[in-house]
Amino acid sequence: MTKFAIGQTVHRLEDPTLLQGKGCYTDDLRPQGAAHAFVLRSPHAHVLIRGIDTTAARKAPGVIAVLTGADAKADDLGTMPCIVPVKNHDGTPRGETPRPVLALDRARHVGDPVALVVAETYHAARDAAELIEVDYEPLPAVADVYGAAQPGAPLVWPEIKQNIVADLHLGSKEAADAAFARAAHISKIELVQNRLVANPMEPRAAFAEYDPETDRSTLHTSSQSVALLRAHIGDIVLKIGDKLRVRSGNVGGAFGMKAMMHPEQPMIVWASRRLKRAVRWTGDRSEGFLTDVQGRDHKVFAELALDKDGKFLAVRATVYAGMGAYLSQFAPMIPQSVHSMMPSVYAFEAAHLHLIETVTNTVPVDAYRGAGRPEGIYVTERLIDIAARELKIAPDELRRRNFIKPSQFPYTTAAGLVYDSGDFEGLQAKALKEADWAGFPARKAASEARGKLRGIGLTMYVERCGGAAPPDSVALKVNKDRVLVLPGTVDNGQGHMTVLKQMVSEYLGVDMEKIDVSQGDSDANPFGLTGGSRFAVVTGTAAGIAAKEVVDKGMEQAAKMLEAAAADIEYGDGDYKVKGTDRKATLFDVASAAGGIEALHIKNTGALTFPNGCHIVEVEIDPQTGVTRLDRYTIVDDFGRALNPMLLLGQVHGGTVQGIGQALLEHAVYDNESAQLLTGSFMDYAMPRADDVPSFHTTFHHTPCTTNPLGVKGAGEAGSVGAPPAIINAIVDVLHAKKGIKHIDMPATREKVWRALNG
Amino acid sequence: MYQFKFQKAKSVAEAFAGLGKDGDAKLLAGGQSLIAAMKLRLSQPSTLIDLGDIAELRQIKVETGTVTIGAMTTHATVAASAEVNKALPALAMLAGSIGDRQVRNQGTIGGSIANNDPAADYPAACLGLGATIATNKRKISADAFFKGMYETALEAGEIITSVSFAIPKRAAYVKFKNPASRFAIVGVLVADFGSSARVAVTGAGPGVFRIAEMEKALVAKFAPESVANIKVPAEGLNSDLHAQADYRAHLITVLAQRAVIAALK
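Which chain is which? The protein sequence lines are A and B, in order. So that you can map any letter, position 644 of the first sequence is 644 in the working numbering, and since no number is skipped, the others follow by simple counting. So that you can map any letter, position 200 of the second sequence is 200 in the working numbering, and since no number is skipped, the others follow by simple counting.
Source of the hints: derived by calculation from the structure; they are not laboratory data. Bear in mind that the values here come from a model prediction, so they are computed numbers and not experimental data. Keep in mind that the hints are not guaranteed to be accurate.
Estimated spans, in silico, between C-beta atoms of each pair [as the list claims (entries may be wrong)]:
id : chain 1 : residue 1 : chain 2 : residue 2 : range
1  : A       : Gly439    : B       : Asp240    : 33 to 43 Å
2  : A       : His123    : B       : Glu225    : 55 to 65 Å
3  : B       : Glu63     : A       : His11     : 50 to 60 Å
Stretches of chain A that chain B covers, calculated by requiring three or more beta carbons in the stretch to come under 8 Å of a beta carbon on chain B [said to hold, decoys possible]:
id : stretch
4  : 576-582
5  : 671-685
Covered stretches of chain B (in silico footprint by chain A; criterion: 3 or more residues with CB under 8 Å from a CB of chain A, positions within the stretch not fixed) [unchecked claim]:
id : stretch
6  : 170-183
7  : 240-250
Where is the CB? At the ideal position from N, CA and C, for every residue including glycine.
Let the sequences and hints guide you as you build the complete structure.
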């Protein structure tokens, strides 16, 4: 018997398939006869579309159809929904940015879809697209999140005054103002949250099939949620309800971006239904840069109030958050998490955020790994380092004075969240020891002897994970010899199949080899979303409940087979056993006799979890070139409990590398005048690579989560929260010592660091 | 990619004839820039004449005082060549630092210098090692070959056949890479020929160039301190979102010192 319990390292069962190139991604589906689509996009950031002449394109060889926004309107397609309602502080609702699947009279960012060409081959479609004549009238454009809100800025939407689509206050302004009024010390910062491109290895793709018998469409697409796509495309945009089935096979990275519906998905289904023919589209890397929803993009003004003993009183911020040209699905909600995370792991009296969400002529922004939590933690943890320096208190000591204490749980933070567990002081102490914090001065001296500058940076982090809507679900089906698990979540590379098999193996006492996992079919499982570090918490819990339902459902049959009362039967190790006897029947025997057992658990079972931790970074800077090398990197995390330690480390490493990318390298830069993306390829947009990243020293300081039966906390985004403040704190440690510099914005590129040191 | 005709040339003469027949034909060497540009529909040749089958363009010859590399020799071949590593290790190292493994296995020296990307590495090797570029028509000194951004002395129908490098007493190439593209933001090759010295810079300007003042100082004394205080004017250097001109100018001096140190090792 090879039963793998929860908590063991099981190597990824996905890898033999994926590493041999035997995976099945959306673009691998290439049936004979499928038509190919190419999307013609606006080359301008802001234009009126005076007319589109498709005559020549429609006559081009191999062309099947050329569709425009007018066709979509004639077919009564709905607009792309933003599902987050927001009330402005004056009581009015947020602005609306109705987004058609194909632009109608105006395009609002470079890459905005203008026409769809469907042809027998990809090249025929692309050749024909060049024959489409669009009469564009360029308009002034705006790209800067802060500049957009200033008087006189070009308007992305004439209806939205000063480009401010939402203006709201979170937390009590009065309480924060009162705390600031009696502060002995106030530390301030002005900072930028650099805009990022998700850049998964697998680009977005959509492939729609149509079945004339049933009038149903199947959309195969790389996603994080077949359930949400089914609902949004089927119910809202195409208005065909359950005549749409959405499927996702292997997904090569998503990072939040693929949770969102993008225009090509409904567009391809629509084209397929019009033509009664399979249509496929795969975006290329350039299209990814120009159309995949992007991340971050904030301009922040923030302050921290302390009393005379260095006790934190309040934190407040004004954040301008870029939404891009249209409000994407969850977009206005993402920066609200800045407020919920601003108190971090500390006892504050008040936390207040004035959030101003602006539209610009840029790609829409939405959830990107961390989704508001990195942005919030960064504000506070940068402020704390500034305060520590100003008050001449060691950064670890200032944090120690303000930690929420273990005895205070459950603890309601100044932002209103209820933390269930944690040992922040113990965790920081462990991290300081693991990082050899005390040995830093000696290492610094050694660096200086080699002409290099060494800095150390510390950050604590906490984030809110799992539990939140939408509901998640797990369906379990047991037949005579196998268990089939159908999760509502979609694996994007995390190793869900491995961990699900581990969990169900433990729940049912069945060998992992006898368990199959099948994901990504809205017909099989209509609920679920991968995102917000919720798989372990939500899917894990739901699988446990579904497993118990399976066992309960088999009890009657087992009682019959064992000729005993159900009350006398207990379940364990895959067997129904009559208590006190050796009479037993296996789950498979019972399922076989019962004609199969099925359970579908659909409920939002998990409450919130609060993973937390500490990152300590030592940088070594070459003052002649500004090159910043991450020399030592220590991470201590509290994830409650590890389901699979190896996969957990993979999550920590991956998240941290993304955070390193944000801190040092990545930046979606738009030209201020033209709003053209200047970093639209890997020639100009720097992704973190193996040689940019140190070896991580990672360890854990778990305190079990009390809000879910597994005791786990979300881990998928943690690294992306901890890395940016730790790295910038370390760089500023050097810049302040040498030049009295208080802050450097991300990405802290080599040139920026060099200028700071030589300015 | 637009449609195009494809022709495999069996000899340089055949390739030359092909170019004569079709004014919009282009030569295909390793294709590491051309194919990418064609895929982006930025380049639209009517015919590609592939030089890949011409064995005579793939030879490496080391003779007294010179290393000659056939135009179609890949970067990986140069980097791994025992002869080149022995005779002119700086050249092998430079070739081994180009792009990534895939690029090095496909890209060629002839293709690289004919393209003359302002951030390419081989132009620095050619200029810094006093190379002579041989074509089907003539021999051109590196000093006369490179004409600024993507421009060379090559005339219509002229095909590079090989590049001969003078073997210096010592040389080294140091590159400061763009973190995104990994092309040179600045790359400096220094070479000590005893009675003369060469300092060639790539990446920093619109094309590869030499720094006479540094060369003079290095002839007097081949040591890092000789170039440490020689400032390069920022005027005319590239200025973009990866590096402003003054940063590039500063880096040239830093890298020149580091290249001299590396050459002395």
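Tested hints:
{"no.": "1", "hint": "A:Gly439 to B:Asp240: 33 to 43 Å", "verdict": "holds (41 Å)"}
{"no.": "2", "hint": "A:His123 to B:Glu225: 55 to 65 Å", "verdict": "holds (59 Å)"}
{"no.": "3", "hint": "B:Glu63 to A:His11: 50 to 60 Å", "verdict": "holds (55 Å)"}
{"no.": "4", "hint": "576-582", "verdict": "violated (count 0)"}
{"no.": "5", "hint": "671-685", "verdict": "holds (count 6)"}
{"no.": "6", "hint": "170-183", "verdict": "holds (count 6)"}
{"no.": "7", "hint": "240-250", "verdict": "holds (count 6)"}
Comparing the model with each earlier hint shows a violation of hint 4 alone; every other hint is respected.
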